[in-house]
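Chain B: place on chain A using the hints.
Protein chains: 2
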Amino acid sequence: MLRLYDYFESGNAYKVRLLLTQLGLRFEHVELDIVKGETRTPEFLAKNPNGRIPLLELEDGTFLAESNAIQWYLADGTPFLPDDPACRARVLQWMFFEQYSHEPYIAVVRFWVFKGEADQHAGEIDAKRAAGYAALQVMESHLLEREFFVAGRYTIADIALYAYTHVADEGGFDLAPYPSVRAWLARVASQPRHIPITFSDWS
Amino acid sequence: MLRLYDYFESGNAYKVRLLLTQLGLRFEHVELDIVKGETRTPEFLAKNPNGRIPLLELEDGTFLAESNAIQWYLADGTPFLPDDPACRARVLQWMFFEQYSHEPYIAVVRFWVFKGEADQHAGEIDAKRAAGYAALQVMESHLLEREFFVAGRYTIADIALYAYTHVADEGGFDLAPYPSVRAWLARVASQPRHIPITFSDWS
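Protein chains in written order, with our numbering: chain A, 15 to 217; chain B, 15 to 217.
Hints listed in this document are in silico derivations from the structure and should not be mistaken for laboratory results.
Accuracy of the hints is not assured; some may be wrong.
Chain copies aren't distinguished; within one or between two, either way the pair holds.
Distance condition first, Cα-Cα at most 27 Å in a straight line; then the derived DSS-like pairs of lysine-lysine [stated by the list, open to error]:
1) K129 to K50
2) K142 to K61
3) K142 to K129
4) K61 to K129
Being a predicted model, the structure only gives us computed values, none of them experimental.
If we strip away everything but chain A, and leave its shape as in the complex, we get (with noise of 0.2 Å):
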């Protein structure tokens, strides 16, 4: 069986739970603390040198690291991925986006304030904030017209791009200003099988 090695708090994680949910794959569940440092012990740092979560160990035991690597390998093939060429390149260039222009402000902002350590951030704290909510606004422009990210159907470049967008307010960011990134929010809200972030029930 699939496991996925997590962190409850993780937007980046959270991505993984919520796809093998929504595709209806069985999985171990398996938590780690990475404020206590969990992900940076020599036994877990055997399986992701990068010391890092989320991590999917395979069913023939090797390890898969990288959120959105591991959506592209769990939804390929899939309703969650076209097939199209240029389609498959636009949901990876919005997984990129992602991951360079988005998450290192809008989650680590919110992980900041989640360790009670914005205070401790706050020299660097407003560039953060200017870089996510730019995100933001290229998020809103492309939504503008559009249901979905690409290809006008709910696949991974949403989810990736769902899992801390919607919590952004955790971190102190005001999504009032992006209606259409809020109706775009609800619409992955509203897909069949969705579990919110909260969800732990993995019995």
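Just chain B now, with coordinates in the frame of chain A:
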């Protein structure tokens, strides 16, 4: 014909230039100076709302952004991207590693040095250097017993990681403690049709 919006000093753009050349694909080359703001003009933002190069204009006049998404689009179906699903996911894993755990440190410090802004970022540069060295260490461990990153052969994962690693010294990174990385750099540079980042004869 394909049209590449480029910036000579960019390792991200170099990935695409190198792959296009190795694939033997002809393309039109449009140089934009990011330091002078040429990727933030209304005209360019209409092409890529995220205001970044490289940007590839496809034959149908649409645009594709994000260096590694462009690489995927060009390489799929060629020897630069394996067919096996697990290998393809691992290529993506390393490309996401590059954009999240490598480029924001190794490329950003190089860019600060290039722009003569190292002093101005003195407060951040030590943390960036440490994170860059951590990425080099992850690469070193992986390459200890491997010739290339995935599937035992040269793929777009290698191009993605080569782009900024081979010029890391320009940001003050010392590669001496990473012999496997240096041997891999030499293997990449000896591939057929390799061009250096300084190559600019697009006539």
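A quick look at each hint next to the structure:
no., hint, verdict
1, K129 to K50, "within (11 Å within a copy, 39 Å between copies)"
2, K142 to K61, "between (31 Å within a copy, 25 Å between copies)"
3, K142 to K129, "both (16 Å within a copy, 21 Å between copies)"
4, K61 to K129, "within (26 Å within a copy, 39 Å between copies)"
Every hint from the earlier list agrees with this structure, and none is contradicted.
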